[in-house]
Amino acid sequence: MKFYLTILAAFSALTVWVSAEVSVLRVSSTLQSYNISQPWEKQAPYNRRGLGVVIGKNQILTTAEMVANATFIELQTADGEKSIPATVIAVDYEANLALLAAKDPEDIKFIESMKPVELATPSKLGETVQVFQIEDNGMPLLTNGIIRGTDVVSTFVDGHFFLNYEIKAAMQSAPNSFTIPVLKDNKLAGLLTSYSSKDQLLDATATEIISAFIKDAADGKYVGFPDLGVSIVRTSDENFRGWLKLTDAQGGVFINRVQRNSSAEKAGIKVGDVILKVADSAINRRGYYTSKNYGELYWSHLIRGTHVTGDEIQITLLRDGIELVKQVKLERPIEGIIPSHTYGKAPRYMIKGGFVFQELTESYLKLFGDDWKSRAPMTLLDALNHPEDYEKGKKRLVILSRTIPTKATIGYERIRATIVTKVNGQEIPDIPALIKAFKTPGENGIHTIELDNDIEKIYLDAETASKVEAEFLQQGLPALSRDKE
Amino acid sequence: MKFRTQRFLLTASALFTAALVPQAQAQLAPPIQPTNPAVSKLSAIYQSVVRIEVATQVPDYKAPWNSGRYSGGTGTGFLIGKNRFLTNAHVVSDSKQVVITMHGSARKHLARVIHIAHDCDLAILEVDDFSSFEKLPYLQVGKVPKLETQVRVIGYPVGGDRISVTRGVVSRIDFRPYSHSRADQHLVVQIDAAINPGNSGGPVLQDGKVVGVAFQGLTSADNTGYMIPTPVISRFLKDIEDGKYDHYVSLGISEFPIFNPAMRKVYNLSEDDPGVLIARVMKDTPCDGILKVGDVLTALDGQPVDSSGSIEIDGERVDMNEIVERKFAGDKVKLDFTRDGKAMSSEVTLKPFPAAQIFSVQYDKRPRYTIQGGLVFQPLSLNLYSALGISNPRVRRLFSKYTSENIYKTRKDIVILTKVFNDPVNRELAGYTGNAVQSVNGTKVTSIEQLHSLLNPEETPEFFVIRCDGLNRPLILPGKNINQINQRIRQNYGIKEASYLGK
Numbered sequence: 001m002k003f004y005l006t007i008l009a010a011f012s013a014l015t016v017w018v019s020a021e022v023s024v025l026r027v028s029s030t031l032q033s034y035n036i037s038q039p040w041e042k043q044a045p046y047n048r049r050g051l052g053v054v055i056g057k058n059q060i061l062t063t064a065e066m067v068a069n070a071t072f073i074e075l076q077t078a079d080g081e082k083s084i085p086a087t088v089i090a091v092d093y094e095a096n097l098a099l100l101a102a103k104d105p106e107d108i109k110f111i112e113s114m115k116p117v118e119l120a121t122p123s124k125l126g127e128t129v130q131v132f133q134i135e136d137n138g139m140p141l142l143t144n145g146i147i148r149g150t151d152v153v154s155t156f157v158d159g160h161f162f163l164n165y166e167i168k169a170a171m172q173s174a175p176n177s178f179t180i181p182v183l184k185d186n187k188l189a190g191l192l193t194s195y196s197s198k199d200q201l202l203d204a205t206a207t208e209i210i211s212a213f214i215k216d217a218a219d220g221k222y223v224g225f226p227d228l229g230v231s232i233v234r235t236s237d238e239n240f241r242g243w244l245k246l247t248d249a250q251g252g253v254f255i256n257r258v259q260r261n262s263s264a265e266k267a268g269i270k271v272g273d274v275i276l277k278v279a280d281s282a283i284n285r286r287g288y289y290t291s292k293n294y295g296e297l298y299w300s301h302l303i304r305g306t307h308v309t310g311d312e313i314q315i316t317l318l319r320d321g322i323e324l325v326k327q328v329k330l331e332r333p334i335e336g337i338i339p340s341h342t343y344g345k346a347p348r349y350m351i352k353g354g355f356v357f358q359e360l361t362e363s364y365l366k367l368f369g370d371d372w373k374s375r376a377p378m379t380l381l382d383a384l385n386h387p388e389d390y391e392k393g394k395k396r397l398v399i400l401s402r403t404i405p406t407k408a409t410i411g412y413e414r415i416r417a418t419i420v421t422k423v424n425g426q427e428i429p430d431i432p433a434l435i436k437a438f439k440t441p442g443e444n445g446i447h448t449i450e451l452d453n454d455i456e457k458i459y460l461d462a463e464t465a466s467k468v469e470a471e472f473l474q475q476g477l478p479a480l481s482r483d484k485e
Numbered sequence: 486m487k488f489r490t491q492r493f494l495l496t497a498s499a500l501f502t503a504a505l506v507p508q509a510q511a512q513l514a515p516p517i518q519p520t521n522p523a524v525s526k527l528s529a530i531y532q533s534v535v536r537i538e539v540a541t542q543v544p545d546y547k548a549p550w551n552s553g554r555y556s557g558g559t560g561t562g563f564l565i566g567k568n569r570f571l572t573n574a575h576v577v578s579d580s581k582q583v584v585i586t587m588h589g590s591a592r593k594h595l596a597r598v599i600h601i602a603h604d605c606d607l608a609i610l611e612v613d614d615f616s617s618f619e620k621l622p623y624l625q626v627g628k629v630p631k632l633e634t635q636v637r638v639i640g641y642p643v644g645g646d647r648i649s650v651t652r653g654v655v656s657r658i659d660f661r662p663y664s665h666s667r668a669d670q671h672l673v674v675q676i677d678a679a680i681n682p683g684n685s686g687g688p689v690l691q692d693g694k695v696v697g698v699a700f701q702g703l704t705s706a707d708n709t710g711y712m713i714p715t716p717v718i719s720r721f722l723k724d725i726e727d728g729k730y731d732h733y734v735s736l737g738i739s740e741f742p743i744f745n746p747a748m749r750k751v752y753n754l755s756e757d758d759p760g761v762l763i764a765r766v767m768k769d770t771p772c773d774g775i776l777k778v779g780d781v782l783t784a785l786d787g788q789p790v791d792s793s794g795s796i797e798i799d800g801e802r803v804d805m806n807e808i809v810e811r812k813f814a815g816d817k818v819k820l821d822f823t824r825d826g827k828a829m830s831s832e833v834t835l836k837p838f839p840a841a842q843i844f845s846v847q848y849d850k851r852p853r854y855t856i857q858g859g860l861v862f863q864p865l866s867l868n869l870y871s872a873l874g875i876s877n878p879r880v881r882r883l884f885s886k887y888t889s890e891n892i893y894k895t896r897k898d899i900v901i902l903t904k905v906f907n908d909p910v911n912r913e914l915a916g917y918t919g920n921a922v923q924s925v926n927g928t929k930v931t932s933i934e935q936l937h938s939l940l941n942p943e944e945t946p947e948f949f950v951i952r953c954d955g956l957n958r959p960l961i962l963p964g965k966n967i968n969q970i971n972q973r974i975r976q977n978y979g980i981k982e983a984s985y986l987g988k
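Residue numbers (our numbering), protein chains in the order written: chain A, 1 to 485; chain B, 486 to 988.
Among the clues, some could well be false.
[As the list claims (entries may be wrong)] Which residues of chain A face chain B? A few of them, derived with a C-beta cut under 10 Å, are:
{"hint": "1", "residue": "R257"}
{"hint": "2", "residue": "I446"}
{"hint": "3", "residue": "E456"}
{"hint": "4", "residue": "K457"}
{"hint": "5", "residue": "I458"}
For the record, the hints were derived by calculation from the structure and aren't laboratory data. Just so it is clear, CB atoms sit at the ideal spot from N, CA and C, and this is done for glycine as well.
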């Protein structure tokens, strides 16, 4: 009861709706992603609407979904009467968070006149929170919800898991409503990342993740959340445990893969090791530890949610039945040869005589349809699953993605989606190297392209290729290559 | 039917279900009487076109411990010699009983498969008692029909019980896949008469002689039928003269057409020079050690090979492999090729390439398997691949590179963990099905038989450590009480035999 009074009072007091307690703005962004099958162009733009919370001086917090591949971002007052162009000052696609700021001095002044929303203290299970929406007419719409659980889930980029609250709330489902703030005593407790109207369950990024993000962004140089760089499987299988020489008292997760140049690799953690403890927290056989606030939580939160990049922690391992402790310096993961996402990046490419070269990404594989995991070319899928077998000497995996039939590519029309190993005798670690390699054709004026394909070497006449490329430009292709992401 | 490509409709297999439906349809159209005198004259030899009814038992690769699915179908065959009926292999594949009925007779004659060639989809049957057929004429095998000429398809297709005759025009002569084995390509003749379920194995006649055996249709196009032309039939008949059928032979190479001007320049070819590029040479094949990647093959048996890998035979341009197609194991073929611009020549002795069988659908064979601790292991074959819909990229890679990367040299079988019978002993392992087994207790797995012995050693180890390709977490089975556990699983799941490793 008390709660409603506060909000109504705030609303009637102001024409431009700025609550004394809750400074929320609409965010409207125009998003435009690259056309992966024709990387020199972008797809048709589309619009996404959501909310942003003023959390500091000219700092508006929203989700990364609102700014990923954005070409234009605008803030609007709740009533829609004032529009403010904004820029991104920090974004974390993995954690699905972004920080916006106004550009124009007048606009900055306006935003600075709004009282920043404070961050709530980390919530506990069973606490009541309010989901904050804005109706078309600018009226706030609040729905009470109860934090029913917590989970470590990925909300935007696959494979990146962060602490989320699971909130039971009979929220009204509104179209295009991304980033709905979740409040506790008019303080920001979380940002909604998904809602199931069927179960009336919503997921919201937890306060501590938001808090770490804001802290990291404070100095203007955003670093990002740390990562250990391993993948694990549980050890609940009794026979497996017996073979690993794990005692009944021990829990533990089995390390399945260690990423190249990762924090784990640098600390000497190996495939086959079993993680028993992270700092002081024992990991059980299913990968959970007991958190003070939330009960059972997935172990990765210990790395990503309770530490910052640069921290050192101790990890207790079991190797060949013997316990050992490794001092691990937590760092940002080095990007693998196939990046986990490409948001905010332009795909690098090169067109040579009609051959289109690109760097392999998951978005490229997704071009093969909904069942791409079985339909995409198996070598490329295998590289995605086992980058360690392909990454030697490579920064990215350069592929000949398709062949546009031209005078220069006669006879090669069927070649596509195949890994490029060498061009003109030079190794190809990425697109810039490819561009360089094509600068020096053989003495006979012919480029030699080596492929991981049924046909291992193909040849391209340099002069014919140049002519074809000139035609491409005439036909309206913006550029023959892009060497910067 | 599961194994067949979408495009091709294999006629006999589709009939069994199709034949149940059209009872009502048959009454709509009165039976066509041959009023044309030319047809009446020919009809004497219709007597030699017989109906074949088959009861089959098709192995279930998803449940190899079971005896298979009972099914059946009908097709057509024709008499080509004393107690020799020619039909399609797919009509009588996996057959448990074959029955032949004559045109206009209700009597069923028990028959047997004498020879079956799955790679060219042909088979020879004989009846137990030939006396009723003694007076029938034998159909003679003629030549390859010319384009645009008319042919007649005789058979017992769906839509009625009596013999059916359709006319068509030869519309294409090509080198096409044979959908029965899925892996083989031979000469085919396309006609514009529809070939329907039940037509399979029936003769295609021109001037009273057999010019082909009707065998497959195309579901994506109307009025197209395919027949096996006489060169393939004659080759089959010649092959079995010694009493057994040998497989087709192959050169064991893969080619890449040299159309690209830059590529032609690199290989010193002028515009009119013949030759196709050798892209791969498989180990243990006739060309192994003779040809090298990067050679340009210019002629086979003196016939110039063009830059797409085609040659001219009887005025028709066909794939160069047609030369090899018509030969037998032990025959020789002369290769002319250039290496680094130098003309070279060699003669090779042809032989089959058994490793390539992994890409062919297998028939008349019981699937091999072994079960340990509730884990079912099976060797990879096209049948298994299709039955399970294998999607694991590592396994897909092993399969498709099996011959081209000589994987068969070290792994006779690619053994797959195909199923897990849930039991306390293998709790948590069900998620690992579909992986290829790489080693057991440190020993590399090379075949299903060897895996079977690795999993059933004289002295049971503490653990069986089973490692799979691309998987860092080993699958662990305890050695302790494993025999009792196996017995329990077999009893619970009704498995008669713990393994079948072939004859």
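Quick rundown of the hints versus the structure:
This hint holds: R257 (chain A) has a C-beta 6 Å from the nearest C-beta of chain B, less than the 10 Å allowed. Given hint, I446 (chain A) at the interface with chain B, holds; its Cβ is 5 Å from that chain's nearest Cβ, closer than 10 Å. The beta carbon of E456 (chain A) comes within 7 Å of a beta carbon in chain B, closer than 10 Å, and the hint placing it at the interface holds. At its closest, the beta carbon of K457 (chain A) sits 8 Å from a beta carbon of chain B; the interface hint therefore holds under the 10 Å criterion.
With its C-beta approaching chain B no nearer than about 7 Å, I458 (chain A) sits inside the 10 Å limit, and its interface hint holds.
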